[in-house]
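Throw the hints in and build the complete structure from the sequences for me.
Quick mapping for you: the protein sequence lines, in order, are chains A, B and C. Going by this note's numbering, the first sequence opens with residue 1, and the numbers climb by one from there. Going by this note's numbering, the second sequence opens with residue 1, and the numbers climb by one from there. Going by this note's numbering, the third sequence opens with residue 1, and the numbers climb by one from there.
Treat the hints loosely; a few may be bogus.
[Claimed, not checked] Stretch by stretch, here's where chain C covers chain B in the computed footprint (C-beta under 8 Å, at least three residues):
| id | stretch |
| --- | --- |
| 1 | 86 to 100 |
| 2 | 459 to 473 |
[Unchecked claim] Within a straight-line C-alpha distance of at most 30 Å, the following computed DSSO-like cross-link-like pairs (lysine-lysine) qualify:
| id | chain 1 | residue 1 | chain 2 | residue 2 |
| --- | --- | --- | --- | --- |
| 3 | A | K63 | C | K285 |
| 4 | B | K192 | B | K210 |
| 5 | A | K11 | B | K192 |
| 6 | B | K7 | B | K311 |
| 7 | A | K17 | A | K122 |
| 8 | C | K285 | C | K324 |
| 9 | C | K324 | B | K163 |
| 10 | C | K406 | B | K311 |
| 11 | B | K40 | C | K285 |
| 12 | B | K311 | C | K61 |
| 13 | B | K210 | B | K197 |
Derived by calculation from the structure, the hints in this document are not laboratory data. Built from N, CA and C at the ideal position, the CB exists for glycine as well.
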Amino acid sequence: MEFPKDLKYTKEHEWVKVEGNIATVGITDYAQDSLGDVVYVELPQEGATVTKHEPFGVVESVKAVSDLYAPLSGSVTEVNDAIVDSPEAINEDPYGDAWMIKVEIANTGELGDLLTADEYQKFIEEEK
Amino acid sequence: MESNGTKGLVLDEPLIFEKSSPGRVGIGPAHSDVPESDPKKTLGQKFLRDDIEGFPDLSEMDAVRHYTRLSQWNFGLDSGFYPLGSCTMKYNPKINEAASRLPGFAQLHPYQPEDLSQGALELMHSLEAYLSEITGLEAVTLQPSAGAHGELCGLLMMAAYFKAKGKPRTKIIIPDTAHGTNPASSHLAGFKVVPVKTEGKGALTVEMVKAVMDEDTAGLMLTNPNTIGLFEKNIKEIAEVVHSKGGLMYCDGANLNAIMGLVKLGDIGVDVVQLNLHKTFSTPHGGGGPGSGPVCVGKALEPYLPCPRIKKENGKFSLDFNRPKTIGRMKSFYGNFSIMVRAYSYIRRMGGVGLKRATEAAILNANYIKERLKGTYHLAFDEPCMHEAVFSDKFQESCGVSTMDIAKRLIDYGYHPPTVYFPLVVHGAIMIEPTETETIDTLDRFIDVMKTIAEEAKTNPQILKEAPTKTKIRRVDETRAAREPILRWKK
Amino acid sequence: MPYIPHTAKDIEKILKAVGAGSVEELISQLPAASRLKGPLAIPDGLSEQELLGHMKALSSKNSTVEEYSSFLGAGAYNHYIPSVVDAIISRSEFYTSYTPYQPELSQGTLQAIFEYQTLVCQLTGMDVANASLYDGATAVAEACLMAKRITNREGIVLANALHPEYRETVATYLTGTGDHLSTIDYSATTGATSLDAIESAISDKTACVVIQHPNFFGSLEDIEAIAGVVHKKKALLVVAVTEAVSFGLLKSLGDCGCDIAVGENQSFGNSLSYGGPYLGFMATKTEFIRQMPGRLIGQTVDKEGRRAFCLTFATREQHIRREKATSNICTNHGLCALAASVHMVSLGSGGLRKLAALNLSKAEYLKKKLKESGVEAAFTSPTFNEFTVKVKGSPDGVLKKLLEKKIIGGLNLEKYYPELGNHLLICATEMNSKEEMDALAAALK
Numbered sequence: 001m002e003f004p005k006d007l008k009y010t011k012e013h014e015w016v017k018v019e020g021n022i023a024t025v026g027i028t029d030y031a032q033d034s035l036g037d038v039v040y041v042e043l044p045q046e047g048a049t050v051t052k053h054e055p056f057g058v059v060e061s062v063k064a065v066s067d068l069y070a071p072l073s074g075s076v077t078e079v080n081d082a083i084v085d086s087p088e089a090i091n092e093d094p095y096g097d098a099w100m101i102k103v104e105i106a107n108t109g110e111l112g113d114l115l116t117a118d119e120y121q122k123f124i125e126e127e128k
Numbered sequence: 001m002e003s004n005g006t007k008g009l010v011l012d013e014p015l016i017f018e019k020s021s022p023g024r025v026g027i028g029p030a031h032s033d034v035p036e037s038d039p040k041k042t043l044g045q046k047f048l049r050d051d052i053e054g055f056p057d058l059s060e061m062d063a064v065r066h067y068t069r070l071s072q073w074n075f076g077l078d079s080g081f082y083p084l085g086s087c088t089m090k091y092n093p094k095i096n097e098a099a100s101r102l103p104g105f106a107q108l109h110p111y112q113p114e115d116l117s118q119g120a121l122e123l124m125h126s127l128e129a130y131l132s133e134i135t136g137l138e139a140v141t142l143q144p145s146a147g148a149h150g151e152l153c154g155l156l157m158m159a160a161y162f163k164a165k166g167k168p169r170t171k172i173i174i175p176d177t178a179h180g181t182n183p184a185s186s187h188l189a190g191f192k193v194v195p196v197k198t199e200g201k202g203a204l205t206v207e208m209v210k211a212v213m214d215e216d217t218a219g220l221m222l223t224n225p226n227t228i229g230l231f232e233k234n235i236k237e238i239a240e241v242v243h244s245k246g247g248l249m250y251c252d253g254a255n256l257n258a259i260m261g262l263v264k265l266g267d268i269g270v271d272v273v274q275l276n277l278h279k280t281f282s283t284p285h286g287g288g289g290p291g292s293g294p295v296c297v298g299k300a301l302e303p304y305l306p307c308p309r310i311k312k313e314n315g316k317f318s319l320d321f322n323r324p325k326t327i328g329r330m331k332s333f334y335g336n337f338s339i340m341v342r343a344y345s346y347i348r349r350m351g352g353v354g355l356k357r358a359t360e361a362a363i364l365n366a367n368y369i370k371e372r373l374k375g376t377y378h379l380a381f382d383e384p385c386m387h388e389a390v391f392s393d394k395f396q397e398s399c400g401v402s403t404m405d406i407a408k409r410l411i412d413y414g415y416h417p418p419t420v421y422f423p424l425v426v427h428g429a430i431m432i433e434p435t436e437t438e439t440i441d442t443l444d445r446f447i448d449v450m451k452t453i454a455e456e457a458k459t460n461p462q463i464l465k466e467a468p469t470k471t472k473i474r475r476v477d478e479t480r481a482a483r484e485p486i487l488r489w490k491k
Numbered sequence: 001m002p003y004i005p006h007t008a009k010d011i012e013k014i015l016k017a018v019g020a021g022s023v024e025e026l027i028s029q030l031p032a033a034s035r036l037k038g039p040l041a042i043p044d045g046l047s048e049q050e051l052l053g054h055m056k057a058l059s060s061k062n063s064t065v066e067e068y069s070s071f072l073g074a075g076a077y078n079h080y081i082p083s084v085v086d087a088i089i090s091r092s093e094f095y096t097s098y099t100p101y102q103p104e105l106s107q108g109t110l111q112a113i114f115e116y117q118t119l120v121c122q123l124t125g126m127d128v129a130n131a132s133l134y135d136g137a138t139a140v141a142e143a144c145l146m147a148k149r150i151t152n153r154e155g156i157v158l159a160n161a162l163h164p165e166y167r168e169t170v171a172t173y174l175t176g177t178g179d180h181l182s183t184i185d186y187s188a189t190t191g192a193t194s195l196d197a198i199e200s201a202i203s204d205k206t207a208c209v210v211i212q213h214p215n216f217f218g219s220l221e222d223i224e225a226i227a228g229v230v231h232k233k234k235a236l237l238v239v240a241v242t243e244a245v246s247f248g249l250l251k252s253l254g255d256c257g258c259d260i261a262v263g264e265n266q267s268f269g270n271s272l273s274y275g276g277p278y279l280g281f282m283a284t285k286t287e288f289i290r291q292m293p294g295r296l297i298g299q300t301v302d303k304e305g306r307r308a309f310c311l312t313f314a315t316r317e318q319h320i321r322r323e324k325a326t327s328n329i330c331t332n333h334g335l336c337a338l339a340a341s342v343h344m345v346s347l348g349s350g351g352l353r354k355l356a357a358l359n360l361s362k363a364e365y366l367k368k369k370l371k372e373s374g375v376e377a378a379f380t381s382p383t384f385n386e387f388t389v390k391v392k393g394s395p396d397g398v399l400k401k402l403l404e405k406k407i408i409g410g411l412n413l414e415k416y417y418p419e420l421g422n423h424l425l426i427c428a429t430e431m432n433s434k435e436e437m438d439a440l441a442a443a444l445k
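Below you can see the structure in the form of structure tokens.
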């Protein structure tokens, strides 16, 4: 299982890539593996506001469903509609093609709460 | 271990639409004895439809063969052992089927005058009385159609009770071992679910309830025995905690088969319970219903029961609609009457003594399986169980074999798998409920097969992963069903 | 003891295996204070022969719609059920199995329900249908909840000409999650719901409008025109059908612009049985699938590529989504759906149309005979197999007199609609012979 070092993570199993004031968000390899074959994903509209720790979407496999929690607050600038049509991308390339939303960061102070790859890996070891 | 599953001629069969030949006639309607009315003139063209494209046209015999072949792809309780935990797959007596089909029960219109329906009302009145006696609760409604429908009915009554007191309550406590219907019904009834983690303990403690019970909480929704097959021993004390805050105790009666005749729920502090006639009272499951989910309540909730109620006055039965505090109606008419006929028939056949014997035998059978399989399969909680035993795949994990593989391998040996992956609190759960109607010989053979499968998991795990191989189809691609949904036939 | 196979020897063997000295010892896990002391006060068990005698005696205290001429409909219809229906649903592979959780052992149930879903789509002209709901009333209630989820609006507008018990059920279901119910009156002339009334009843807070078609008085509603009005406000149109045989003649709901088609399929293959079990159906547009309640069967393949069926979209349901599920429904009415399928299939497309036309002819004949007796239809809208008449004198008195002639003369509407004091709802199906109808007309003269 991979956890790229250049990404930040949350305890709700999202990853975040920060570039300037834009954060790209997806779910981790661990999350897609636990879910199994993803069959459906529901994402917010462009322009929607997301709030840290609040659900912004839903991801489903055949027998499980999970809310997607916003790692940061802000407004959605871009949505990856391609994965709505082919949700299998979430299993195949969780850190690449299967990014979910891009958020314009409202409060950079929230960045400090994100986990590093090492911290996240340690967290999921404990969760198991 | 030789398998019971052997070869038979299983015929392939297309969809009924693919067998259709336009113009072919099956049964055909009655001959008309009145002048024909022309729909175009009577109703006008704008109300009329074109021919229904693709609607199947078959001869009667082809239709019968179609459904007969389909039936042969099914495994019913009459086909073999069906130890589906929490579902109480006990024998469905044939006399019940015959009774429900008597014209005097089957050919009654729900709005026909009460004078012409005295037998039906008497049966319902008596069934209510029996269920009241079994649960130790004052009053019963037979209206709900299924367990979840009964849950909703009971919860709406609780909400109405607090509303009438001028202090509506917003929350309900539900342990994590509960069936999914409990939180779903609670949400529908307008309650916020307060989950209680029992993880690792299997049972609820007084402290767990004390910690969350307050005066904004309508009460506790508890399955007893719980879904792990254990009796909630602290229920009386827990009920006291709930009652001390003015709350009510809801019991999910899905597992009544473990306590009928041994414990009256009303005696141990329960205020409201829904029963599943299609579990404890032997009515068939029908491949997914119809069932029936009567609700029994204590005095406090009686005024809120759905309308109408059945009344007996001077030896005459009637429907009582004059109930100002009622929550209203759960459905049209009076409930799933023909299911009530079957349950009534079962109770009269068994008698009070027989019902208790059934419970005892159900407990004996479950404990026998528990005792003989523990060691081979990991037992979630090693204490005497009630009507079902919960194992897991923990011992088999190291062979790379999961609960699903064990379940599928059972099919090749001629058994319906137990309930799997429920309750959620037991990882990889295998929940076995044998019921009282199985002989010890059946249990012995099942136990031997389970042991053989555990052996196979070590020596030849692939055989489990490939299973089932003897069924008409192999494992299905459920991911594809969800990703590329085909929910109907199209030309 | 019936159905309990244990001999004394068996019990001994089990007790030995579990290490208990007696049955009582085994159940001593139950706290003593919780135990029931005496026996249950339920009569002693009967032999099967005695039981059948008892059940026959009890059933004979009822009078059936075969012994009387019945003109009752109102949501429960007396139709002929072909013998093949009972032959098929009596196959224990169907009726003694559980919900098809293990697809390899349940392909029969699964394919049969998949076919049923298709049949419902064909009848209603909708894209998708679920495996079944409890009955017409609960199906309407579920449709209202579904419309609220889809539109994110609260308002539910019910036609007053929707079955009164359906309206009551909706009201019960909505008490928990917010009751924003209103009703639209029917036209006293046509018996149908007027477009103006609908237009003024809905707003941009309306989630859905529920119209019954044919409505409770038997009158046909102008669904197409209603859809136009409803959609203008971006609300959904729910159409409820209680008499499914009407599908054989009436324009499909999908073609009329309906968003959620719901109702009662009892008319196909399910006996009256004093009100249940019946068969709720629900069909809708593809875009609303994820908000639909109830089980859904999908087609897929097995690992060797053969066509196979399984439960799908289960993440909508209570066992996975718990309090966020689209509904709490679990056990539904699968066997009733099978009965309905077998009946539909045995009719075929031509047979269905003929059956519907026959029902229309019977009702039109009765209407005419009643008119000759001076009993006029109360409303002007066209009707299918059910219609409302105005009688001379108190309806209860009239009905009582008819009973003496072994006629159940219809439903007194006053109980549900106080303004319809002298009105009866009368239904005629293929089960009502010309002689019966002549006798009713003569008796009402």
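Okay, the hints, checked on the actual structure:
1. 86 to 100: Coverage by chain C holds for the stretch 86 to 100 of chain B (11 residues, Cβ < 8 Å).
2. 459 to 473: holds (count 4)
3. A:K63 to C:K285: With a Cα-Cα distance of about 24 Å, the restraint between K63 of chain A and K285 of chain C holds, given a limit of 30 Å.
4. B:K192 to B:K210: OK: K192 of chain B and K210 of chain B at ~18 Å, within 30 Å.
5. A:K11 to B:K192: holds, 25 Å
6. B:K7 to B:K311: Status violated; Cα separation ~56 Å.
7. A:K17 to A:K122: holds, 19 Å
8. C:K285 to C:K324: It holds: about 22 Å lies between the C-alpha atoms, which stays within 30 Å.
9. C:K324 to B:K163: Distance ~24 Å between K324 of chain C and K163 of chain B Cα, so the pair holds.
10. C:K406 to B:K311: OK: K406 of chain C and K311 of chain B at ~26 Å, within 30 Å.
11. B:K40 to C:K285: holds, 29 Å
12. B:K311 to C:K61: holds, 17 Å
13. B:K210 to B:K197: Within the cut-off at roughly 13 Å; holds.
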